[in-house]
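Put together the whole structure using the sequences plus the hints.
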Amino acid sequence: MNPLLQIRGLEIRFRRPDCGRAAVLRGVDLAIGRGEIVGLVGESGSGKSQTAAAILGLTPANAQVTGGSADFEGRDLLHLSPSEWQQIRGRRIALVPQEAFGALNPCLRIGSQISESLQAHLKLEGREARRRSVELLDSVAIERADEVAGWFPHQLSGGMRQRVTIAIALACNPDLVLADEPTTALDAITRVQILDLLERAVRSRGSAMLLITHDLTQARQICDRVAVMYAGQIVEEGPVAKLYSQPSHPYTRGLLRANLPLGVSAELVSEIPGRSPSPWELPPGCAFHPRCDRAGVDCREQVPAWAATGSGGHRCLHPCE
Amino acid sequence: MKARMGLLLLAGISIVSIFAPALAPQDPLTLNVPARFQPPGAGHWLGTDEFGRDVLSRLLYGGRVSLLVAGSAVMVAAIVGTACGLVAGFSGGWLDHLALLAADVILAFPGILLALLLVALAGPSLAALVVSISIIYTPIFLRLVRNLTLHLREADFVLACRLLGVRRRIVLFGEIFPNVIAPVAAQAVTCFGWALIAETALSFLGLGAQPPAPSWGSMLASARDYLDFSASNAIVPACAIFLTVWAANRTAQDLQKERVE
Amino acid sequence: MGRNRFWRAPLFASMRVILEAKALTKRFGGLTALRDVSLDLREGEILGLVGESGSGKSTLARVLTRLIEADSGQILFEGTDIAGLRESQLRPFRRKIQFIFQDPDAALNPRQKIRTTLWRAYQAGGVSRAKAESGISRLLENLGVESGILDRYPAHLSGGQKQRIVIARALSTQPSVLIADEPTASLDASIQVQVLNLLRRLHRDHGLSMIFISHDLRAVTYLSGRIGVLRWGRLVEMGERTSILENPQHPYTKELLKNSRI
Chain A
1 MNPLLQIRGL EIRFRRPDCG RAAVLRGVDL AIGRGEIVGL VGESGSGKSQ TAAAILGLTP
61 ANAQVTGGSA DFEGRDLLHL SPSEWQQIRG RRIALVPQEA FGALNPCLRI GSQISESLQA
121 HLKLEGREAR RRSVELLDSV AIERADEVAG WFPHQLSGGM RQRVTIAIAL ACNPDLVLAD
181 EPTTALDAIT RVQILDLLER AVRSRGSAML LITHDLTQAR QICDRVAVMY AGQIVEEGPV
241 AKLYSQPSHP YTRGLLRANL PLGVSAELVS EIPGRSPSPW ELPPGCAFHP RCDRAGVDCR
301 EQVPAWAATG SGGHRCLHPC E
Chain B
322 MKARMGLLLL AGISIVSIFA PALAPQDPLT LNVPARFQPP GAGHWLGTDE FGRDVLSRLL
382 YGGRVSLLVA GSAVMVAAIV GTACGLVAGF SGGWLDHLAL LAADVILAFP GILLALLLVA
442 LAGPSLAALV VSISIIYTPI FLRLVRNLTL HLREADFVLA CRLLGVRRRI VLFGEIFPNV
502 IAPVAAQAVT CFGWALIAET ALSFLGLGAQ PPAPSWGSML ASARDYLDFS ASNAIVPACA
562 IFLTVWAANR TAQDLQKERV E
Chain C
583 MGRNRFWRAP LFASMRVILE AKALTKRFGG LTALRDVSLD LREGEILGLV GESGSGKSTL
643 ARVLTRLIEA DSGQILFEGT DIAGLRESQL RPFRRKIQFI FQDPDAALNP RQKIRTTLWR
703 AYQAGGVSRA KAESGISRLL ENLGVESGIL DRYPAHLSGG QKQRIVIARA LSTQPSVLIA
763 DEPTASLDAS IQVQVLNLLR RLHRDHGLSM IFISHDLRAV TYLSGRIGVL RWGRLVEMGE
823 RTSILENPQH PYTKELLKNS RI
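Protein chains in written order, with our numbering: chain A, 1 to 321; chain B, 322 to 582; chain C, 583 to 844.
Derived from the structure by calculation, the hints contain no laboratory data. Here the structure is a predicted model, which is why all the values come from computation and not from measurement. Misleading hints may appear alongside valid ones.
[Stated by the list, open to error] Below, a list of computed lysine-lysine pairs in the DSS-like style, where the Cα atoms sit at most 30 Å apart:
hint: 1; chain 1: C; residue 1: Lys678; chain 2: C; residue 2: Lys695
hint: 2; chain 1: A; residue 1: Lys242; chain 2: C; residue 2: Lys840
hint: 3; chain 1: B; residue 1: Lys578; chain 2: C; residue 2: Lys695
hint: 4; chain 1: C; residue 1: Lys604; chain 2: C; residue 2: Lys678
hint: 5; chain 1: C; residue 1: Lys713; chain 2: C; residue 2: Lys695
hint: 6; chain 1: C; residue 1: Lys836; chain 2: C; residue 2: Lys604
Now the structure itself:
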């Protein structure tokens, strides 16, 4: 089965004026099948945002793609021209951003912002586009959609604004939706609702989704498969059921354990000691070994290669049993 | 390299001007009337003016004056404006009202006109130039710093200092001031360009460096009278002014971009 | 490694009330952020306050530390009403009630080295430079931060490190009350656990009385002995941790619990 998006060996280097160049992504392999919801889980500095940016062709000016390919329906996303991107962004690949407020134009009414996309990509007529906009707002559970379509972004609550960005993203029925930490800016109660809505909206259209988050528990809620990133590489990947019950990589296991229980427990939740290395201070060999309780001498000497296991794989010399 | 073009050019022009005495091929004041209006050539790289004086040397020495006046004026304006802005923004109340009132009064006058008035009252001299130009631009710094201070006063790290019982004076100068330096520097560079134009305008009108001392503005003024004899004598100081102001603006732009990054 | 056992707070919390709020009200123009909020903090306990955005939790935190003035009500610290005091009268109390900010980026001066930031507290207390230095190194050790970061600027620190510095600064005045306003909200999930564990340890080691404010019910229950629920400026429920979790009364509390069980 041909995956919808196949990223192979993606390498991106960043340049900081005071620190020089370093690899932010060090050979990322990721495949997303049609209609599949994949989670990309990683903490700040892991490279997950850079991966998302590369898929959308939004790699910043001071970063450079130094290797790899991103095959999307026969085209390499890493080498597209701006006009080719015009056809893909918003139409085939859409983004649900982290902060809705920054993503919406404060001077345009909600309805217009959705119609914009419809008119540009699907070439819909004004009235038809407006009708579709209201329909879309309705589909993301916004009440009195025709009224809300005439509102401005600042009149909506955070949760409603995020629903609007979801509506915009799904307006043209994209093949792939990129959700970049879509619930970070929201309250606990709203988070659950938005994530739920996102899943339903994506599945009902048969679109695929890449959910980028730092919260492993959130990924579990809606993803089919999850890939865990650390220091610019994917260190483990697999179907949700397996990953959460039998993690192979010590980092995954550590993340799963660093989960606050809801309830009164007498025990301290275990933490992963230390912190993630920045690309400019990567330790030799396996990037995780200084914080790993299973590390051996060999972990310092070689970067672990990818070991495929049935439905996924990991990058570890001493995986957990 | 490209990103620093403005700064390099500005630095280059400044250095060349500072070292005018060493670099100028000839004495800018030496008259040589028989050799007047020579076109740019071997003996005089930029030709000679209406009194036979070497234009290149006059340009270098003149640059010295213009840049010195503009630079000093901006520095004075920045220092006074920043100090007043800090106090006004931090204290609030009547001090703030007073400072803003003063700033508004000065801003109400068209800049050059005000400088003209002040110099006319004080009599033409370099000191008068510096003072009057700095007065025009002080309100800009005052308002900039006052607004920044108002904003920073509510920042979490400043509130943290209040909770620690840090003295107000230390909060103002130790916490807030360091955050104001960068915007002020960027504004100062832009102001420098404006101050230079102000200086050349005043010199053009005869209120700046008095003859025979050279300055770009006065060189331009005298060249105007003899355009038929030598176009280059007008073009040369004009280009110098243009390039320097462009360099200043470009530097300010680059500073802005760096801050955003 | 084994599993760590800890004694459940508020095991040694006395019944002496160290900080008390009475009928605090605060309005911002037409919006009422706090409505008649009353609560008490007992010596040695960790009191958790959970609320969503718009609940008034941040306003309450700032009112309690007099960073914002309440419109009406009393704030009793060890019996003295500090709500009406002028700045000059407030000075002796300032250092006893400290605050941990939510966003470490905003809470640290970007143009200042960490060393200076930490030194400010000692400077304000009239402590000599030498004594301050040793105090700072003890703090850093206590918080698990390497001393090398003293000469760096906040931009070169990770989120977790920055938040530790914010906590270090708050502790440098040896406060009796610590109010933490969403201290882990802007941190990654695994670093959140680090910081929460750190706060637990500090509470235990220093005998601090703490108010821990968060939108995350799990974080609040992890740390607190008693929990209060804030909604739209009102304290809708307050009780021991176990009773809140197992027997919530208010419908909003029930809703919160439901949404935290993922």
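Legend entry - Unmet hints by their number, sorted upward, for this structure: The structure conflicts with no hint, since it agrees with every one listed earlier.
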